[in-house]
Each structure stands twice: as C-alpha cells, then as structure tokens.
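Below, each chain spelled out in residue letters.
There are 2 protein chains.
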Amino acid sequence: MARVRIIALCCVQLVLIKAGIAQTSIKETAHGVFKISSGANEKFTPEIFREEKSNVSGLQQLPKGTLPFDVSEIEVNIDDRGCKIAIPLGDGEQLYGFGLQIGSFNQNGMRKMPIVNDYPLNNLGYTHAPLPYYVSNKGYAILVNTSRYTTFYCGNNQAKGTKKKEDNAPAETKLTVEELYQTKVSGRNNVLVDIKGAQGIEMYVFAGPDMITAIQRYNLFAGGGALPALWGMGIKYRVKADFKQADVLNTVNYFKEKRIPVNVIGLEPRWQTAAYPCSFVWDKEFFPNPKDMISKLKAKGLQMNLWEHAFVSNKSPLYEQLYNRSGDFMAFHGLVPDFADKSTRDIFAKHHKDSLLNMGITGFKMDECDNSDITRGDARWSFPEMTKFPSGINGEQMHQLFGVLYQKAIYNMFKEANQRTYLDVRASNAFASPYPAALYSDTYDHKSYIEMIANSGFSGLLWSPEVRESNSFKELVMRSQTAVLSAQALFNSWYLQYPPWLQFDRGKNNNGELRKDKEANENIIRKLFEFRMSLVPYLYTAFYQYQSKGIPPFRALIVDYPNDENLFKVADEYMIGENLLAAPFSGNAETRKVYLPEGVWYNFNTHEKLTGGKEYLIKFKYDELPLFVKEGTILPLAKPVEFADSNTKFDINCYVFGAPKNKSYLFEDDGDTYNYLKGNYNIVELMAENGKIKVKRNGKFNLKRFNIVNTTYIK
Amino acid sequence: MARVRIIALCCVQLVLIKAGIAQTSIKETAHGVFKISSGANEKFTPEIFREEKSNVSGLQQLPKGTLPFDVSEIEVNIDDRGCKIAIPLGDGEQLYGFGLQIGSFNQNGMRKMPIVNDYPLNNLGYTHAPLPYYVSNKGYAILVNTSRYTTFYCGNNQAKGTKKKEDNAPAETKLTVEELYQTKVSGRNNVLVDIKGAQGIEMYVFAGPDMITAIQRYNLFAGGGALPALWGMGIKYRVKADFKQADVLNTVNYFKEKRIPVNVIGLEPRWQTAAYPCSFVWDKEFFPNPKDMISKLKAKGLQMNLWEHAFVSNKSPLYEQLYNRSGDFMAFHGLVPDFADKSTRDIFAKHHKDSLLNMGITGFKMDECDNSDITRGDARWSFPEMTKFPSGINGEQMHQLFGVLYQKAIYNMFKEANQRTYLDVRASNAFASPYPAALYSDTYDHKSYIEMIANSGFSGLLWSPEVRESNSFKELVMRSQTAVLSAQALFNSWYLQYPPWLQFDRGKNNNGELRKDKEANENIIRKLFEFRMSLVPYLYTAFYQYQSKGIPPFRALIVDYPNDENLFKVADEYMIGENLLAAPFSGNAETRKVYLPEGVWYNFNTHEKLTGGKEYLIKFKYDELPLFVKEGTILPLAKPVEFADSNTKFDINCYVFGAPKNKSYLFEDDGDTYNYLKGNYNIVELMAENGKIKVKRNGKFNLKRFNIVNTTYIK
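Chains as they are written, first to last, in the UniProt record's numbering: chain L, 1 to 715; chain R, 1 to 715.
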C-alpha cells in the first residue's frame with residue numbers, strides 16, 4: 001500500500017514522487033485542467049479512446065481555473081485490492097453528474113456505482129452512460145479516467161476519527177426510520193472513490209471559477225460538444241418494426257399530406273436479413289429497392305436512419321472478417337467485435353460505408369450496447385464480464401466503453417466522408433461530448449425522462465426522451481412537449497402501426513381503431529412540431545455554442561445559478577440555450593409550479609413579466625410549450641418549415657423580451673459537413689436598435705440561411 | 001493466464017498440477033464432498049470461519065456420492081483480473097440457490113451476483129444471505145468458497161464456437177421483445193463463475209445421487225443444521241420501539257389474560273442508552289429493573305430477546321476496547337468491530353455474556369449487518385467497501401461475511417454457556433447451517449416472503465416471514481398463516497402500539513383506535529397460534545433431522561421431487577418436515593391452486609384423499625392452515641400449550657393418514673442445552689399397530705416430554 005499526498009503544481013510540469021509502489025504526478029495538462037496520475041498506467045481508459053483532440057483555443061478563452069480546495073489535498077491509496085481516492089468536499093457543497101442518472105439528481109450523500117445498463121432501478125448508479133465523473137456547484141468537475149467499475153461515496157462516509165472518544169455519535173436513541181435518515185454526518189468529509197482492480201489511476205480536475213466553466217472545460221477538453229447535422233434539429237420518426245418499403249412511403253405521404261413536419265425516418269430491425277444478431281444487409285423481400293426509397297425520401301426533405309446493434313450474425317458478410325477480431329463470448333449468438341481495436345472498428349465502418357452510407361443513409365440507431373437486462377438477471381442479452389478480447393481489454397471495461405467505441409466507429413466513418421449526422425445510441429461514457437449521438441432508453445417514466453434532460457448537461461451527453469404510446473392523449477401531448485423541448489425530438493413507433501396521436505393506445509392502434517378526434521389531435525401535434533421547427537435556428541446555434549465553447553445546450557438550472565439553494569434539487573426544469581427556461585408537465589397535472597431564478601423573466605405564452613427568486617403556478621395547455629424567457633433576450637423564432645436541410649432558408653421573427661441587454665447570435669453554415677471547422681460559416685449578430693433589429697453577418701459562408709423578416713417587442 | 005484442466009481423483013488424495021501461475025488439486029475432502037483448489041489460497045473465505053466441524057458420521061451415513069458430470073470437466077482460469085470457472089450444465093437441468101433470493105426461484109439462464117444487501121429489487125442477486133452456491137435438480141450442489149463479490153452466469157452464455165460458420169444464430173429476424181426473450185441458447189452450456197480480484201479459488205462439489213442428498217451433504221459438511229431451543233418453536237412477539245418496562249409487562253399480561261400463546265418477547269432499540277450506534281447498555285430510565293422484568297417473564301414461560309446491531313457507540317463500554325479492533329471507517333457513526341478477528345468477537349461476546357446473558361437474556365436480534373441501503377444509494381447506513389480492518393480482511397469481504405461472523409460471536413457465547421438459543425439476523429452466508437438464527441427482512445411483499453421459505457431450504461438458511469401491519473384483516477391472517485407455517489413465527493410490532501390483530505392499520509393502531517371486531521379477530525389469531533403450538537413436537541423433530549441428517553425442515557417441493565417438471569418453478573408451496581406440504585395464500589385470493597406431487601395426499605382440513613401429479617383448488621379460510629399430508633403419515637399433533645420450555649410436557653394426538661407406511665419419530669431432549677450432543681436425548685418411535693400407536697423410546701434422556709394420549713385414523 002502506498003499512501004500518496006499529491007503535490008500541486010499549477011503549471012505544465014511533471015513531477016514524480018516515489019512512495020512505496022506508486023508514483024504520483026500532477027500537471028496542468030490544459031488550461032484549468034489538472035491531471036493527476038498515480039501508480040501503473042491503465043491501458044484501456046476513456047481518455048485513450050477520445051475521438052477529438054482537446055479544443056485548446058476554446059479552453060484558452062476561458063478564465064483562469066480556480067478550485068475551492070488545493071489539488072494537493074486529494075489523496076490516492078493503492079493496494080492489492082485496487083485504488084482509492086479521497087477528494088475534499090466542502091460543507092454544503094452540492095454534487096451532480098455520474099452520467100445519465102435516472103431517478104437521482106442531487107448526488108450528495110449517495111453511494112454511486114456508474115455501471116452501464118439499460119434498466120437502472122434504484123439508485124445504484126446504473127445508467128446508459130456511466131461516467132466516473134461529477135461536478136460541484138462550487139465550481140469544479142472531477143473525472144476518474146477509468147473504465148473499471150468504480151464506486152463513489154458522495155460525502156456520507158464516516159472515517160474513524162483520531163480521537164478515541166470524539167463526540168461524533170448522535171446523542172439520542174433513534175426510534176424511527178425517518179429519524180435515522182435525518183442523521184447528519186459530522187466531521188470532515190470527502191468524496192471517496194473506490195476502483196477495484198486498478199493498480200494505478202489517472203484523474204482530471206476541471207477547474208472553475210464556476211460550475212458552468214468547469215463543465216465547459218470538460219467538454220472542450222473532450223474536443224468540444226457535438227454539432228449534429230442541421231436536419232437533426234427536426235423531428236425523427238421511427239416506423240413499425242415490420243414495415244415494408246411501401247409502408248414507409250405511405251407513412252411519409254401521410255406526413256406530407258397532413259403537413260406534419262418530420263425530418264428523419266428511422267427503420268427498425270426488419271430492414272436486415274437477420275436480427276438479432278445483425279447481418280447489416282438489406283432484406284430485399286421487405287425492401288426491394290432501398291436506394292429508390294432513400295431518394296424518394298430525400299426529394300421530400302427526409303433523411304433515413306437505420307436501426308442496428310453491433311453483434312454480428314453468421315449471416316453477415318462481416319462475420320468471417322470479424323471472427324478473429326471478436327470476444328470469446330457472443331451476445332444474442334452474434335460476434336462481439338473488439339471495438340477497442342482500430343482495425344476492427346475500421347472493418348465494421350467500411351461495410352457500413354460501402355453498403356449503407358454510400359446509398360444515402362445518413363444516420364444509425366445503435367442499440368443494445370448497454371449490457372442490456374443485467375438488472376433483470378437474464379444472461380442472454382449481452383456478453384459476460386469475463387469475456388476476453390484480442391486487444392486485451394477485459395469484458396468489464398468493454399461493457400463500460402462499448403457504447404463510445406461503437407459511436408467512434410460510426411462517427412469516424414461519417415467524419416471521414418465529411419458528412420455530419422445525428423445518431424441514436426443506447427450507451428455512452430466519458431469524453432463523448434463530441435459525438436452527435438442522442439441517448440435513448442426503454443424506461444418510460446416521463447418524470448425521469450425530464451430529469452434526464454437536466455442530468456445530461458452535466459456530463460457532455462445528449463438525451464432524447466422518446467415518445468411511444470400513452471394512457472391518454474393528454475399524456476401523449478405532455479410527452480410530446482418534452483420531446484419537442486429536448487436535444488432530439490424522437491417519436492419511436494417501432495410497435496405502432498399508426499402515429500400515436502391518431503391512437504395513443506397500443507392495442508387499438510395496431511388494430512386500426514383510430515381515434516374519432518384524431519384530426520383535432522393531429523392539429524395539436526402539428527402545432528407542437530411546428531414550434532420545434534421555429535426553434536431550429538436558436539437550437540442549432542445553442543449546439544454551436546456547445547461545440548465551440550462547451551456550453552451544454554440543455555442543462556439543469558443549477559449550472560447557471562449554482563448558489564441558489566432553491567435549485568439544488570430542481571430536476572424538472574432546465575435551460576435551453578442561453579435564454580430559455582423549460583418546465584415540462586408530467587403525470588396527470590393540470591398545473592405545476594415553476595421556480596424562476598434571480599432576475600426578471602417572461603412567460604413565453606402569456607408574455608407576463610415575472611420576478612425571479614420565487615415560484616409561479618402555470619396551467620397545462622395542449623398547444624402551448626411551458627417556456628420562460630430571460631429579460632433582455634432577443635429570441636429568433638423561424639416561420640415553421642416542414643423540414644430542415646442544407647438548402648433550407650428560415651424567415652425569422654425576432655421576439656425582444658424587455659429592453660435587450662445583449663446581442664443575440666445565429667450560427668450559419670452548410671449544415672451537413674465539417675467545413676465550418678475550416679472557417680466556412682457565419683456568425684449572424686442580432687442587435688436591437690431603435691425599435692428594430694440590426695443584423696451583422698461575420699464570416700465567409702455564402703448562403704444567407706437566416707432572414708430577419710419581423711420583430712416583436714414584448715414589454 | 002493459466003488455463004487449468006482439473007484431474008478428477010475421487011479419493012482422499014492431493015494432487016498438484018503446475019500450469020503457469022496456478023496449481024490445481026482435487027480431493028474428496030469428506031464423503032461425497034469434493035474440494036477443488038486452484039492458485040493462491042485466499043485468507044478470508046466462508047469455510048475458514050466455519051463454526052462447526054463437519055458432521056463426519058452423518059456424512060458417512062449418506063449413500064456414495066455420484067455426479068452427472070466428471071469433476072475433471074470443471075475448468076478454472078486465473079488471470080490478472082481474477083478467477084473464472086466453467087462448470088458443466090446438462091440439457092434441461094434446473095438450478096436453485098444463491099442464498100435467500102428474493103423475487104427469483106428457478107435460476108436457469110440468470111446472471112446472479114449474490115451480494116449482501118437489505119433491499120434486493122430486480123434480479124441482480126442481492127440478498128440478505130448471498131451464498132456463492134447453487135444446487136441442481138440433477139443431484140449436486142456447488143459452493144465457490146469465496147467472500148469476494150462473485151457473478152454466476154447460469155447457462156445462457158454463448159461461448160464462441162470453434163467453427164467459423166456454425167449455425168448458432170437464430171434463423172429469423174425477431175420483431176418483438178417477447179420473441180427475443182424466447183430465444184433459446186443452443187450448443188454446449190456451462191455455469192460460468194466470475195470472481196474478480198481472486199488469484200486463487202477453492203470450490204466444493206456436494207455430490208448426490210439426488211438433490212436432497214446433495215443439500216444434506218452441504219449442511220452436514222457445514223456441521224449439521226441448526227437445532228434452536230425448544231422455546232424457539234413458539235411465537236416471537238416484538239414490542240414497540242418506545243415501550244418502557246411497564247408497557248412490556250402490560251403486553252405480556254394481555255397475552256396471558258387472553259390465553260394467546262407467545263413464547264418470546266423482543267425489545268427494540270430503546271432498551272439501550274444509545275442506538276444507532278449501540279451502547280449495549282440498559283437504559284435505566286426506560287427499563288429501571290430489567291432483571292426483575294426478565295424474571296417475571298420467565299415465570300410466565302416467556303423468553304426475552306434484545307435488538308441490537310454491531311456498530312459500537314462511543315457511549316458503550318466496548319468503545320475503548322474495540323477502537324483499535326475496528327475498521328478505519330464507521331457505520332452510523334459507530335465502530336465496525338473486526339469480527340474476522342477472534343479476540344474481537346470474544347470481547348464483543350464477553351460484554352454480552354456478562355451484562356445480558358447472565359441476566360437471563362436468551363436471544364438477540366442482530367440488525368443492520370447486511371450493508372443496508374446500498375440499493376437506495378444512501379452511504380450513511382454502512383461502511384464503504386474500501387474499509388480496512390486490522391485482521392487484513394477487506395471491506396467487501398467483510399460485508400459478505402459480517403452476518404455470519406456476527407452470528408459466530410453471539411452463537412459461540414451461548415454454546416460456551418451450554419445454552420441453546422434462537423436468534424434473528426439480517427445477514428448470513430455459506431456454512432451458516434448450524435447457526436440457530438432466522439433471517440428477517442424489511443421487504444414486505446407477502447408473495448416473496450413465501451417464496452423465500454422455499455428458497456431458504458436450498459442453502460442451509462432459516463427464514464422468518466415476519467408479520468407487521470396489513471391492509472385488511474384478511475391479509476393479516478394470510479400473513480399470520482405463513483408465519484405460523486415457517487421456521488420462526490415472528491410478529492414484529494416495533495412500530496405498533498397494539499398487536500396487529502386488534503387493529504391492522506398502522507395509523508389507527510397507534511392512535512388507539514382498535515377494531516370493533518377485535519375479539520373475533522383475536523379468536524382467529526389465537527387458533528392459528530394454537531396450531532403452531534400443536535405443531536411444535538413435529539417441527540422440533542424436523543429441526544433435529546436438520547441437525548443430525550442435514551434435511552432442511554422447510555424446503556421447496558423440487559428438493560423432494562427433483563424430476564417433476566411441474567415443480568421446476570413452484571415457489572409458493574413447500575414441505576415442512578418429512579410429510580407436510582404447505583400452500584399459503586397471499587394477495588387477495590379467495591382460492592388458490594395447489595399442485596400435489598406424485599403419490600397420494602390428504603387435505604389436512606377436509607381429510608379429502610387426493611391423487612398427486614395434478615392441481616387442486618382450495619379455498620381460503622381464516623382459521624384453517626392450507627396443509628396437505630402425505631399418505632401413510634403418522635402426524636403427532638400436541639394439545640396446544642401457551643408456551644414451550646424445558647419443562648413442558650405435550651399431550652399428543654397421533655393422526656394417521658391412510659395406511660401407515662413408515663414409523664414416525666419424535667426427538668426428546670432437555671430443549672435448551674447442548675447435552676443432546678453427548679447422547680442425552682431420546683428418539684421416540686411411533687408405530688401404528690392394530691389400530692393403536694405403539695411407542696418405543698430409545699435413549700437415555702430422563703423426561704418423557706411427549707405423551708401419546710389419542711390416535712385418530714383418517715382413511
């Protein structure tokens with residue numbers, strides 16, 4: 001065992017301290033990013049598989065990093081069981097993160113074990129995106145760079161004191177469970193990190209000065225946030241699993257006929273000759289001419305996305321190539337490709353490129369990469385943790401990283417083809433910020449879905465609270481509102497014959513028993529979808545802020561207002577971009593309370609002016625989005641289009657809420673390539689001057705996508 | 001990495017095979033018990049802490065051990081991640097065990113991780129008693145002798161085949177979740193065992209020829225099953241947490257006045273000066289004269305049991321003594337004694353002996369030893385897994401073993417005082433069969449509680465499905481019936497002012513709003529309790545069979561009928577002793593189906609003769625126990641007494657169901673010492689001859705506890 005006290009050196013310098021078996025160093029590896037290393041290097045860390053280099057210039061634009069503690073206070077211990085780390089935790093400090101947590105938000109006092117999984121009941125920490133990472137409202141984030149299962153004790157541990165009779169025991173006898181739960185832990189506290197099996201550890205400390213800057217540093221260090229294709233801002237609709245080519249085209253015709261803005265059509269397993277496991281080959285019986293179908297969709301402005309998972313059927317042309325490049329156990333009877341090996345990712349990607357991307361497919365849904373069903377105890381659904389892979393990564397590490405490595409394989413293919421995309425994926429991990437991939441889940445609790453939007457922003461993740469069936473039209477609308485106000489507006493009808501707004505009941509839907517009020521319902525849904533399309537310019541710009549500055553487009557309020565105690569546990573409201581606050585309805589609520597942070601706000605629908613720092617009651621309305629706007633905002637809303645692609649032009653109405661305090665911006669580029677990274681874009685600056693909006697376009701992109709046609713002042 | 005193929009040598013002989021870093025041996029360590037060792041020895045295994053030596057003579061009386069596979073087919077691999085084992089699994093073989101599983105019974109195809117925990121939602125395998133152990137209906141049991149967290153994949157894994165295009169993938173595309181779950185795994189199968197962190201492993205194979213013999217071998221190898229004190233067969237009633245001495249005596253007076261047979265009174269935390277954590281010292285304000293109270297109870301035939309947990313308050317006289325003998329983290333602000341160290345257990349026990357046992361306390365309830373609340377994520381309730389202990393055991397191992405080590409400390413004290421007991425405990429593990437301690441739980445799902453009775457018998461465990469409040473009197477009665485038909489009939493009123501049959505609603509109970517029909521209800525409950533007291537001689541003898549032959553007194557039907565496919569998943573019926581089948585009601589059922597195995601059975605209540613191999617419908621009745629009796633049984637039922645202790649004599653009515661096929665037996669000893677182990681007991685043999693029962697008493701115990709007064713023939 002080696003107990004190591006880290007010597008802080010806040011400069012780019014490497015220091016090694018020998019202490020027993022472990023050597024520990026600390027360096028400022030990037031502006032405000034401190035890397036601590038101790039003991040033997042691990043071969044398979046999230047960092048090693050980073051897709052992008054750090055955005056150094058973005059990091060340089062952030063203020064000097066500060067921390068509420070001295071990095072030297074972090075203690076690392078290594079023994080034959082593994083590594084443990086003790087990180088200082090201040091009194092009253094609030095912790096968040098650990099990836100896409102479901103069912104928990106404020107993590108203080110919790111014992112968290114972020115392990116990849118599809119069905120995270122309870123608060124073990126199981127999640128689709130198990131990041132060994134947390135962020136504090138005191139303005140820093142911690143990432144333990146490991147793919148091993150890691151446990152975090154967030155401050156309720158009680159180290160034995162040095163004094164033998166110190167008074168750290170509660171004075172009275174507790175007679176109820178309630179009393180016991182109220183017991184506070186006294187004395188100096190830490191976050192404890194337990195990494196079983198590791199003989200060395202790296203960790204990153206992302207400095208503040210504040211919470212959002214720490215998160216920005218994390219995202220920029222990962223290479224910057226994702227900027228999906230412009231079409232990804234629209235609505236994605238996945239059709240029923242057994243649809244044939246004609247069914248798909250009929251569905252598209254329905255959308256067009258009814259002017260329902262849908263931007264992407266997703267196919268489910270049956271497009272392939274085999275699934276599960278997958279062949280990655282079109283089934284010509286169901287889809288006789290996929291190229292023709294894709295062209296027809298493109299002509300109507302729609303993209304096509306294909307479902308798959310990575311487990312390779314012996315009916316796939318990839319089988320022979322990947323046989324020796326896969327684990328010694330299978331999943332769903334399919335090969336598990338060793339995605340930790342670049343050549344394996346390349347083979348996998350090449351098949352996708354040659355036979356799917358080249359045909360016009362612009363996105364994939366990457367399912368089942370999250371060790372499905374381990375919490376239901378069924379061993380069929382994935383590979384065991386003892387699985388060995390040719391690269392040397394073990395099964396546990398592979399499980400934790402499988403989602404990011406799968407993203408890496410597919411994203412890289414698109415990037416090399418200079419084609420932007422927007423993917424669906426069931427698992428992710430650290431340093432995934434640059435992947436344009438939205439997580440989704442089978443868990444279907446609406447309240448949790450909203451909370452996951454708030455949680456996603458801490459950890460460089462995107463989350464799509466997909467809509468399927470509902471118990472009532474009201475519930476369907478609430479879910480649809482949340483979807484419209486999320487990073488990806490996804491309707492997943494993989495087991496529904498008709499869109500859910502025509503019949504929200506699954507059984508009746510599939511029996512063709514459509515609602516009598518279906519046209520009224522259709523009108524409401526269309527209005528919500530149209531709002532989404534109005535929001536595209538604002539949203540797309542928020543994503544550009546994510547890419548270039550690391551600011552999460554969707555984030556909990558605590559990120560922007562880290563010292564507001566009333567927000568410590570608010571998980572059902574969140575910010576969209578710089579100036580919008582969303583507060584979706586869930587359950588069967590007619591009304592809900594909305595807490596507005598300090599400052600002055602406007603109700604987006606009623607235009608009522610509201611003073612922050614308190615709660616307001618709002619009423620549910622079918623065709624209104626529960627939104628609030630910060631005073632001083634110039635909000636650019638587009639005239640709704642039926643789809644967005646690289647040719648789309650938007651007519652913009654600028655809504656000015658109160659006296660405009662700041663400029664607003666819009667990001668203008670081709671929308672579907674990486675040319676913006678070579679400077680081929682404009683920043684459209686909007687200034688309110690003398691009752692009208694002045695537009696200034698900076699950049700060399702040659703299409704004026706955004707055209708300001710109107711301005712509305714709201715006092 | 002060393003892949004080791006074990007050479008089977010079915011004789012007592014040690015063979016070492018060098019293969020890379022691992023050495024592997026196999027020996028028949030006891031009659032029909034094969035020990036396989038590979039790699040480095042572990043220091044802290046369940047086996048090392050066994051309380052009793054193997055019952056060699058009991059084992060010798062079992063038939064020669066046979067197995068459905070060759071032990072040499074078991075494969076062990078060791079690498080730097082840990083150990084993995086592959087154990088052959090036959091087609092159609094059914095697996096059970098893994099300790100006190102909640103929510104699962106038949107474990108085929110499951111991924112199980114038996115980890116100690118109080119709240120085992122889902123099917124991860126978390127349980128109060130996390131045994132790395134399973135038993136097959138093909139007649140063998142496997143115990144992996146480890147206290148590390150271990151994962152078992154029970155047959156649904158899919159090792160990559162050797163042929164590159166072998167047809168192991170399902171032929172068709174699956175479009176529904178239902179279809180996917182129906183997917184069968186083809187090809188050769190194994191149980192895979194994954195022991196992360198271990199650099200060596202021991203395992204035991206308990207041979208058949210049949211399932212019950214394998215379980216008997218396991219129990220006898222552990223030292224034989226528990227034989228609680230005779231008084232433990234009666235009813236245990238725990239009073240409200242804030243009761244004072246006078247309240248306790250009042251409650252006892254109520255029982256006596258109403259002739260409600262209660263045998264043990266349990267006190268909850270408030271008897272101590274501090275809890276949580278515990279002082280283990282009487283609070284004289286609440287209990288001014290505990291010795292007097294205990295004497296008064298004893299005079300009325302009642303024992304006294306005290307709640308505690310093992311975490312030591314700084315208000316305890318044990319604090320100073322245990323400070324350096326405890327872990328470096330605390331739990332509930334109390335010291336965590338290093339129970340892996342004998343001197344620590346002895347200090348802990350000595351305090352209990354001097355100040356509690358010597359005062360007349362005859363049992364303890366050992367709470368919170370199960371890493372409480374880890375699934376709710378709250379870190380306050382126990383010590384972290386990274387905790388270090390002076391003995392060298394790590395926190396993970398300590399968690400797994402804490403319950404058995406705690407039992408060891410307390411049980412040993414009683415044994416040394418030559419005093420039998422019956423304890424309550426919240427955690428256990430392997431080789432715990434000899435501990436007279438019934439597990440209990442806060443989870444309160446009645447259906448699971450019944451299933452846990454069936455599960456307990458596979459793994460050498462005793463389980464008490466405690467009764468607290470209810471939603472209706474009917475539910476209370478159903479729960480009471482299950483309690484009466486379990487290893488310990490426990491009513492836990494720790495938050496109820498009055499017994500639940502006077503008011504089953506918690507709130508009203510504590511407000512003193514008793515039911516108008518309380519006397520009618522009391523009469524029903526009395527009748528159920530009286531049945532329990534009638535069953536004491538039969539039950540006590542079943543426990544003696546457990547002690548001497550290893551036959552679980554409560555066990556799933558599959559144990560006795562391992563080849564009956566209809567029983568593979570039957571978890572809501574179980575055997576009590578040799579000849580009784582119980583089928584408790586749960587939920588709101590008016591009727592339930594009962595499957596009777598092959599042979600002829602009698603409905604205990606209606607005396608109806610029933611042919612086995614099919615299902616029957618029975619109706620719920622408040623005052624009848626849902627029991628069936630095997631044809632040919634001589635069932636000795638006692639005239640109910642209000643309590644049982646070492647002086648109790650029982651008047652017995654023998655019920656003869658059909659033509660008696662076998663003798664019946666009763667075990668007769670002093671009931672509260674270990675003198676029976678020195679031969680001081682009788683076996684009372686009951687034979688039906690010419691219409692009356694012939695009694696033959698073998699042994700040298702000088703009290704005739706059982707007196708046959710009547711015989712009833714049921715044709």
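Since the hints were derived computationally from the structure, they do not count as laboratory data. Errors might be hidden in some of the hints.
Which copy? The list can't say, so a pair holds if one copy fits it or any two copies do.
Stated by the list, open to error - Result set (EDC-like, lysine to aspartate or glutamate): computed pairs, CA atoms no more than 16 Å apart in a straight line: (1) K663 / E578; (2) K609 / D79; (3) K244 / D651; (4) K300 / E642; (5) K240 / D292; (6) K160 / E320; (7) K704 / E52; (8) K678 / E416; (9) K300 / E689; (10) K160 / D328.
Going down the list of hints, with the structure as the test:
no., hint, verdict
1, K663 / E578, "within (11 Å within a copy, 85 Å between copies)"
2, K609 / D79, "neither (59 Å within a copy, 66 Å between copies)"
3, K244 / D651, "neither (37 Å within a copy, 78 Å between copies)"
4, K300 / E642, "within (9 Å within a copy, 85 Å between copies)"
5, K240 / D292, "neither (20 Å within a copy, 75 Å between copies)"
6, K160 / E320, "between (57 Å within a copy, 13 Å between copies)"
7, K704 / E52, "neither (30 Å within a copy, 85 Å between copies)"
8, K678 / E416, "within (15 Å within a copy, 83 Å between copies)"
9, K300 / E689, "neither (39 Å within a copy, 94 Å between copies)"
10, K160 / D328, "between (45 Å within a copy, 5 Å between copies)"
The structure fails to meet hints 2, 3, 5, 7 and 9 from the earlier list, while all remaining hints are met.
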